[in-house]
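> Spelled out from the first residue to the last, the chains are:
Protein chains: 4
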Amino acid sequence: MNALKEIYKATQPAHHSPLTIDDIIEDIHSQIEFLLTEKLGDIGKKIHSARSRNDQVLVDIKLFLRHEIEHLVLAVQSFFDLLIEQSEKYKDDLLPGYTHLQLAMPSSFGLWFGAYAESLVDDLITLHAAYQIVNKNPLGSAAGYGSSFPINRTLTTQLLGFDDLHYNVVYAQMSRGKTERIVASALANIADTLARLSMDVCLYINQNFGFISFPPELTTGSSIMPHKKNPDVFELIRSHCNQIKALPGEIMMMTANLPSGYHRDLQLLKEHLFPAFTTLKDCIDIAALMLSNIEVKKDILSDDKYKYLFSVEEVNKLVNEGTPFRDAYKKIGLDIEAGQFSYSTNVHHTHEGSMGNLMNKEIAANMHAVIDDFHFEKYHLAIERLLRMDDTERKF
Amino acid sequence: MNALKEIYKATQPAHHSPLTIDDIIEDIHSQIEFLLTEKLGDIGKKIHSARSRNDQVLVDIKLFLRHEIEHLVLAVQSFFDLLIEQSEKYKDDLLPGYTHLQLAMPSSFGLWFGAYAESLVDDLITLHAAYQIVNKNPLGSAAGYGSSFPINRTLTTQLLGFDDLHYNVVYAQMSRGKTERIVASALANIADTLARLSMDVCLYINQNFGFISFPPELTTGSSIMPHKKNPDVFELIRSHCNQIKALPGEIMMMTANLPSGYHRDLQLLKEHLFPAFTTLKDCIDIAALMLSNIEVKKDILSDDKYKYLFSVEEVNKLVNEGTPFRDAYKKIGLDIEAGQFSYSTNVHHTHEGSMGNLMNKEIAANMHAVIDDFHFEKYHLAIERLLRMDDTERKF
Amino acid sequence: MNALKEIYKATQPAHHSPLTIDDIIEDIHSQIEFLLTEKLGDIGKKIHSARSRNDQVLVDIKLFLRHEIEHLVLAVQSFFDLLIEQSEKYKDDLLPGYTHLQLAMPSSFGLWFGAYAESLVDDLITLHAAYQIVNKNPLGSAAGYGSSFPINRTLTTQLLGFDDLHYNVVYAQMSRGKTERIVASALANIADTLARLSMDVCLYINQNFGFISFPPELTTGSSIMPHKKNPDVFELIRSHCNQIKALPGEIMMMTANLPSGYHRDLQLLKEHLFPAFTTLKDCIDIAALMLSNIEVKKDILSDDKYKYLFSVEEVNKLVNEGTPFRDAYKKIGLDIEAGQFSYSTNVHHTHEGSMGNLMNKEIAANMHAVIDDFHFEKYHLAIERLLRMDDTERKF
Amino acid sequence: MNALKEIYKATQPAHHSPLTIDDIIEDIHSQIEFLLTEKLGDIGKKIHSARSRNDQVLVDIKLFLRHEIEHLVLAVQSFFDLLIEQSEKYKDDLLPGYTHLQLAMPSSFGLWFGAYAESLVDDLITLHAAYQIVNKNPLGSAAGYGSSFPINRTLTTQLLGFDDLHYNVVYAQMSRGKTERIVASALANIADTLARLSMDVCLYINQNFGFISFPPELTTGSSIMPHKKNPDVFELIRSHCNQIKALPGEIMMMTANLPSGYHRDLQLLKEHLFPAFTTLKDCIDIAALMLSNIEVKKDILSDDKYKYLFSVEEVNKLVNEGTPFRDAYKKIGLDIEAGQFSYSTNVHHTHEGSMGNLMNKEIAANMHAVIDDFHFEKYHLAIERLLRMDDTERKF
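Order-wise, the sequence lines are chains A, B, C and D.
With our numbering, you'll find the first sequence wraps up at 975, consecutive numbering, no jumps.
With our numbering, you'll find the second sequence wraps up at 975, consecutive numbering, no jumps.
With our numbering, you'll find the third sequence wraps up at 975, consecutive numbering, no jumps.
With our numbering, you'll find the fourth sequence wraps up at 975, consecutive numbering, no jumps.
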């Protein structure tokens, strides 16, 4: 094990000599076996005992996904903090709320930013479920049917910082493809939140709405229209995110109706899933850059064209004064038809989650609770312990 | 509120007078308002205060999904128990394990049944995440922008047995479509487990494999081939389940790029999602009926054609006797080519999750832990309390 | 054959005695055999010779799809005619053209209606390809491996009005699932055209745009907002159409990785495909009703906020006067920044397909050419001849 | 124009100086304008007149797809020829035909190879429809709303060898995303044929079937199982092809609910579509290499376990001797149950498309007719003429 650790340390970034795989060597696992055998002689060949490339690759995928999920959570957390911050900053700035894309009722930028923050909480709940499945140890399942070596899978589970085992070796193998699909579905949820936000931005920056703008250096021009300030960044986020949303379906298509047991088909699932993490994190980071530079238009609702937004307020005022709802609704409707609708732009909402009471603290508390549940520190501790461990300490 | 409870009680199944919606009435919410107004006069019209059809329907969907998820979990649990039971019953019955659909190593029916049982554990982890999102209260979000009435959303959350609120009213509305998608993804996971199981069954019952069979009354014949015993049941399960797997993609397609705020599009998401629960439960129940009647062929591996399944065992035997793995692998490979491969069919696997140590107890413990996390009893208690509650007890 | 024709005629709608399938009879094919045997005695049992339920159902599906495609083409044609008519009627009514959802250049309702008309031409090209595959005869493939009876498949091809045979009997069977998928893809193309049109309508009817409106009886109100006029019809069209767009993916998921040969899975493909025809035709018909009642706002572009739409016109004016494009572009850009942009709203586009030269006649000619290619009359003639045919005329 | 042709010729592969895009230049179109201006002075800047990057990129995509489709058709044609050749070569080699994956009736390798050949004919019908849409000229639509320059779009249509125009400029822009989707659907059809073929191969090479094999250099081994000969090539083809089948859904997800007019989202559609052509052609070529080296097992059906395949033959024999079908079916069924089933392995099928009459000539004729319909020579002639054309010949 000391020899393995020497190989590991020699290839750390600080040494500027990354592990390379020789042309005649099949993959990283064979390369390590080759290096070990160079160092130690024939005993190095023992490292593949009780292993198959199948369970080695499965473990690699799970370690990779665990690492990527952690970094994605960090990116989401920091984006969430920004959204809450902007929600508080703009809590008194009203904008029209639409239903059926028709003017409906007053809304606020406080609500708008806060909504996407809360959306991320639910997204992380599904990512946490995916993480629980990722963080189970398949090592020892070998080719998918176990091994006649008396290996200790509980030990490798602890050493590698997995929360639990995928016990049944046939299921451990079956988790390939399934883990990728479940992770992709969780990415799709985050992607959907970002895509919807981007659609809103593209609409609100459109001149007919004109609710928001960005500094010129964050928008782009046109090759023939000298007046254009295009929100390309959000169109690209939207498109990347919609592509990620198609990923679970793609994985399902590639694994549908394959009987149990390993198939080489599974190898190609990596092709779009692995880059999706980088893409999604980039989308989050660039969305954060944009939204931290957003310019929100003031007093949007003072424009007379938005007056009917206040019709529900006027109905409710009558109700609060004692008129039954249906009758109040009828009266205001008739006023509108008769061109006699009068209103006040003073919106007084006080209940939980309304524009007057955003409850961003409670939303943030929910977010922190979800993130705490990941317990990433547990696997970090395990890995550090593994790297410090001495050959004399443990016998495998 | 007593009047509401009278309406509720009068329409319980025991009374054989289900609530019907009059032709001129738009939906169930208007019907109830109509009945209330009949009973109480004008005060009945007040019930729609601080409400919109949007948040009423959102609550309905969540109550429906909560109920359906509970019944699905019950079906999964009972199917899981059967799989564990069959895994124990057939733990010594070997069958070939395949990789690349090529003969690989010995497997067992104990492993095979147990693998699908453990698969359901992970599936329920994702269903539990979906349930956490379902079981949050959107009531009070009205048309998606809150209300000027000083309502108490925490109170309705407790009364209806929700775990938490969807605080932000814009997000509460945005949870429509998103909740359905996340639930559909969780159904797709269960469906995928069933579909893969069905594919295995269709393969194993095929005469070239011939590993299992079912009594004649559970298979079907052919209109022109008098010898056929077709596994139609599992083909239909597979097909239904693959259809359910397409559901998350369908929901994403129907909601892609819709800006925030309600759109009528969302109404149609119910069309395929709601029946999917019934279909999936039916698939589980019929799969259980089939598997409880399965006939497993004895001594499959004693057939000489399966001898190479034991090559890894022979390699490992040499390794355990001291030969380095790569050398042992080479020797057995040469023996096979030379037609000199000799082997014993005695498979001795002892590690966690292997055919000699299925760890079904640990898998079952994991399953029970996941199911306990749902805490369905919490919402039952709330609903019972709500029905017992007296008008004098609470003021809204 | 006369007996068969008697059964056929007795069950025609005019006779009000539709063919019913007795409870103990498996399907319509067995029912007809039963009726024949009642009429003719033992000779009736011969009808299943050289047949399998597999190829009978395949033929049924193809006859059904052929019929449905024809009626869909008729609906598309009539919708196309309306779009061309409206394009001509509103050819001088300008509206803003957007790129990146940003104000870009002047467009016109003539262009807008005409664009969707031309889109349908391409959609029908793909539907025609699907029709060519539908209109091939699988009869005689029996269970998918042919028959030892010396049947004449060319004869049944002519009698049933198919254009050609699916020759190879294994492929004839394989066309099941594939035909459905290809037809669904063609439906998805039409659905996509309708869905995009609906999105445009929902945007243009939004009050911030306000380019179009519909009479009150064609929009709906809100349960709490008395001023709302919601475009529910187009939201439902959009949603139904997006659901249809998910259908090819669903069919692919249900048939992925099934080896060749019949599987019962295929039976369920009908479930969503068959109703999709009715849904799509309904969407087309209701869209036609709406668009024939559309109210287009006059003089939209006279509003000062749209002035930059004319910047390209001004650039081009300079170019036509001799300034190189890049220099003209720079000059107008500087004018805009300096607040000195002046423009004329007179748009003079003359090239093919531009707002001044819509070329609707050429587009309509293309549409008629595509529709003519279907040659539906060929199969009608064949079926009529078959029904007139006398037993003495042909021997099978 | 001579200057443009000089740039073109200087960058042809023979000159080893490919066109490179300078760092400060946005894309290839700006680079060419820059080179022209270097050569000709200010007049070079005129080239962007009446153009937008939008219609330039649209034309590029269509030229690229036209070229790729042509090369794909060539690959399909050559694979088709091989399948027909193998169908003829192995026309007398029987194998079991399965329905429900159950032994059903005798089939033949002649039928099997021929079925996939005929499948490609239908696939090319859909690719031809896609080609018709690809091969229409969008040039002149500029940013999607046309141009005030009096350009001649019919002329550029002829010069570039397009069959027709996308007339309406709004539709020309709308064809972006739509063209990609329709092309992807056609690729998916070819991919599905290959994926299904691959599934059959993986099944038939499995030792329980054992119908085919490949030379050792075309299969791979296992890291722990010295006896394995894995069909990795076909697993990878299957996986790549299933991934391509997910492409139409991905494109639909990325374009769903975008209103008309250009959006930057469309740029990312290239990411998976463009490489799909190379992947699909590689899959076809490697499948051809494999199938030209296939080893087909002789006399498969002489094994007693396949005897019931002949039951339908025996039923039909009785029918041909005068017994009604249902009675013959019953008799053979009873014989089988009583263990008294006797049969001859002599299969005499003569009808069109059956194993005794494969009709490969007719299938090949259909294939050639479909390929002829593409008329690729038309666009080649146009491009050659364009390159030969002299500045004095034409004025733009």
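The set of hints was computed from the structure by calculation and includes no laboratory data.
Hints should not be assumed to be uniformly reliable.
Pairs involving identical chains hold if they fit within one copy or between any two copies, as the list cannot separate such chains.
Cross-link-like lysine-lysine pairs, in silico, DSS-like; alpha carbons within 30 Å at most [as the list claims (entries may be wrong)]:
| # | residue 1 | residue 2 |
| --- | --- | --- |
| 1 | K909 | K876 |
| 2 | K910 | K896 |
| 3 | K757 | K940 |
| 4 | K886 | K849 |
| 5 | K884 | K860 |
> Take the hints in turn and mark each one as holding or not.
Status of the hints after comparison with the structure:
With identical chains, the CA atoms of K909 and K876 are at most 30 Å apart between copies only, with a shortest distance of 29 Å across copies and 34 Å within one. In this homomeric assembly, K910 and K896 come within 30 Å of each other (Cα to Cα) only inside a single copy, at 12 Å, whereas the closest approach across copies is 55 Å. Only between protomers do K757 and K940 lie at most 30 Å apart by alpha-carbon distance; the minimum there is 23 Å, versus 36 Å within a single protomer. For the homomeric pair K886 and K849, neither the shortest alpha-carbon distance inside one copy (53 Å) nor that between copies (34 Å) is at most 30 Å.
In the homo-oligomer, the alpha carbons of K884 and K860 never lie at most 30 Å apart, since the shortest distance is 40 Å inside one protomer and 38 Å across protomers.
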